[in-house]
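Novice: Here's the letter readout for the chains.
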Amino acid sequence: MEHPIFELKNISYVYKDKMETTQALKDINLKVHKGDFVALVGPNGSGKTTLIKLILGVLKLQTGEIYINGKSLRHFQAWQEVGYVSQKSNSFAKGFPATVSEVILSGLTKSKGLFSRFKKEDYDKLDEVLALLNIVELKDKNISQLSGGQTQRVFIARALINRPSILVLDEPTVGIDAKHVKEFYDVLLRLKEQSVTILLVTHDIGVVVDHANEVACLNEHLHFHGSNHEFKNLGEAELSKIYGFPLQLVSHDHERSCCE
Amino acid sequence: MIQAFFEYDFIRYSVISGLIAGLIAPLIGTFIVIRRLSLIADALSHVTLGGITFGVYLSSLIGTAINPLVTGILFSILGALGIERLRTVYKHYQELAIPIIMSFGVALSVLFLSLADGFNQDLFGYLFGSISAVNLFDLTLIASIGVIVLVFIFFLYKEMFLVSFDEEYADVMNISKWIHFLFIVVVALVISASMRIVGILLVSALMTLPVASAMRVTSSFKQLMAMSVIFGEIAVIIGLFISFHLDISPGGTIVLVSLAILMGAIILDHIGVKKDGEQSESI
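So the protein lines, in turn, are chains D and E.
First residue of the first sequence: 1, per the UniProt record's numbering; consecutive thereafter.
First residue of the second sequence: 1, per the UniProt record's numbering; consecutive thereafter.
These are calculated hints, taken from the structure and not from any lab test.
As the structure is a computational prediction, the values presented were derived from the model and not from experiment.
Among the clues, some could well be false.
As the list claims (entries may be wrong) - Capping the alpha-carbon separation at 20 Å, the derived lysine-lysine pairs in PhoX-like fashion look like this:
(1) D:Lys9 to D:Lys71
(2) D:Lys60 to E:Lys91
(3) D:Lys16 to E:Lys222
(4) D:Lys139 to E:Lys222
(5) E:Lys177 to D:Lys112
(6) D:Lys60 to E:Lys177
(7) D:Lys139 to D:Lys125
(8) D:Lys119 to E:Lys91
(9) E:Lys91 to D:Lys18
(10) E:Lys91 to D:Lys53
(11) E:Lys222 to D:Lys53
(12) E:Lys222 to D:Lys141
(13) E:Lys177 to E:Lys91
(14) D:Lys120 to E:Lys91
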C-alpha cells in the first residue's frame, strides 16, 4: 500500500490558561490514504476542531508528529496542497463588498507568494473551479447576496482553486437547508472521484454512513477508526462510550441515524 | 483659486498635499473600514497630536525649530506598535487597545501643550487643517508617504484582501503576521500625511467617509477602492476650494463635502443604482 497522505503519530494536546489545563487530545494515531473520504465524528468538545487546527498548522504541535505527504508538519510548506473550508464560512461574510470571483481568487494568495499579482492562468483556474462547482453564473455577484448553499460552494471553490490533494472541512453544512446539504455532498463525491482526499468534521451521522468510506470517532482519544460498514455495526455500548450518553444507530429508509 | 495655484507656492503645496491625502486616506481607509478598525484611525490621530505638541514643546525648550510633523509621525508609529501589542495582550477584548492609546495621546497632548505655554496658531492648523501651513518639506514628506502607501497596496493587495475578508483562513494559509503590523504602521503614516490638510481631529473622517459612501454604490472590492478614492478626491478639491474662498480651515469643509457625498450615495442606493440593479442589503 502506498504511504498515507497524512499520518498522525501520538498526538496529544493540552489547552493551558492561568486557571486550569484541559486535555483536548490524547495519544491520537491516524493514517489517511489518498482518495479516502474520512468523517471525523464525536460530541462537542471532543477535540475535533483542535485536531483539524493541528493538521493545518494553526495550533503548534505539543506532543507527537504529523506527516503530510510523508513530510513532517514542522517542515511542511506546500499549503496549496491543502484546501480548507471552515464552519464559519456560511455565516460570517455578510456585508463584505466583494464579488464571488474576488473571494475565490483569494485562495491563491499563499501559492502566488508575496509581491505577485494575479495573471491570466489564475483567471483560467478561477473559470475551471467555477465550472466544477456549477457557479459560473455567480461569478460577478456580491458574496453577501448569495444563499447559504451558494456561499458554501464559493468557499469550497476557494479551497479548490489551488487544485489541492487534501480537502479539510470543519462542519461545513451548519445552518444550511437539506436541499443545499445534498448539493454540497454531491460536490464532495465528485471530488472523491477525482482522488481528492477528504477529511470532514461532522455531527451528521447519516452523512457518515452514506458518503464517507472511513469513520474516525474522537473524544479526547481516538475510540474508533474503520470503514463506514464497520461503523454501522458498532454496538450501543461503543457509541455510548464515545458520546458519553446512551446512543444507538437506527436504520430508516436505507439510512441510519443516531438516536438517544 | 486656479490663479493663486500658479501664483503662490503655499497654495500649490496645499493642493498637491490635499490630492495625495485624498488618494491614500480612502485607499487605506477601505481596509480599515472592512476590518472594522475605524476607531483605530481616531486613536492614532490623537497619539499623533501628542507627537506634534511634543515637537512644539521641544522647539520651545531647545530654541531650535523642529518640524512637529516629524515628531507626529514618530509618535504615530509608536502608537501603532502600542495598539498591536495591546491587541495581543487583550486577545478577547481587542477594542480596549483603542481607548487606552487614545487617552494616552490626549494626555500627552495636554501635558506638552501646558509645558509649551499653551495653544498657538500653528497648532490650530494641525487640529483643523490649514491651507497656508504646508511648506516644501511637508510636501516632500507627504509625497514620500504617498509612495510608500501605493507600493504597500500594489504589492500586498491580495494578502490584505484575504486578511480583511477572512483572518482565520489567512492564518491557515500561513499569511505572514508582519503584514498586520505593517498595515498599522502604514495607517499611522497616512494619518500623519493627511493631518496637515484635514487636521488631526478630522483625519479619520477622510479615511472612513468616502469608503462609507462607496459601500452604498459598489459591489466588488476593487470598485469600492476606486470609488472611495474618487469620492475622497472630490471632497478634497471642493473642500479646499470653499476653504480658500471663505478663508476658513479646510478640515471642516472637506469633511462636510464628504458628508454631502455620503447623503447622495445613500439616496442613490435607495433608488436602486447599485450594480446589476440588485437590491443592496444593509451593511
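Novice: Is the hinted pair Lys9 (chain D) and Lys71 (chain D) satisfied, with a Cα-Cα distance of at most 20 Å?
Specialist: 13 Å, holds
Novice: Lys222 (chain E) and Lys141 (chain D): Cα distance at most 20 Å?
Specialist: 13 Å, holds
Novice: CA of Lys91 (chain E) to CA of Lys18 (chain D), is that 20 Å or under?
Specialist: 14 Å, holds
Novice: Check whether the Cα positions of Lys16 (chain D) and Lys222 (chain E) lie no farther apart than 20 Å.
Specialist: 42 Å, violated
Novice: Hint check: Lys120 (chain D) vs Lys91 (chain E), CA-CA at most 20 Å. Holds or violated?
Specialist: 40 Å, violated
Novice: Are the Cα positions of Lys177 (chain E) and Lys112 (chain D) separated by 20 Å at most?
Specialist: 17 Å, holds
Novice: Going straight from one Cα to the other, do Lys177 (chain E) and Lys91 (chain E) come out at no more than 20 Å?
Specialist: 15 Å, holds
Novice: Given the hinted pair Lys91 (chain E) and Lys53 (chain D), is their alpha-carbon gap at most 20 Å?
Specialist: Distance ~18 Å between Lys91 (chain E) and Lys53 (chain D) Cα, so the pair holds.
Novice: So if I understand the rule, the pair passes when the alpha-carbon distance is 20 Å or less; does Lys60 (chain D) with Lys177 (chain E) pass?
Specialist: Given that 20 Å is the threshold and the Cα spacing comes to 15 Å, the pair holds.
Novice: Has the given pair, Lys139 (chain D) with Lys125 (chain D), been kept, meaning a C-alpha gap of at most 20 Å?
Specialist: This hinted pair holds, its Cα atoms lying about 13 Å apart.
Novice: For the pair supplied as a hint, Lys119 (chain D) and Lys91 (chain E), is the alpha-carbon distance within the 20 Å limit?
Specialist: 37 Å, violated
Novice: Regarding the pair Lys139 (chain D) and Lys222 (chain E), is the alpha-carbon distance no greater than 20 Å?
Specialist: 15 Å, holds
Of the numbered hints stated above, those contradicted by the structure are hints 3, 8, 11 and 14, listed in ascending order.
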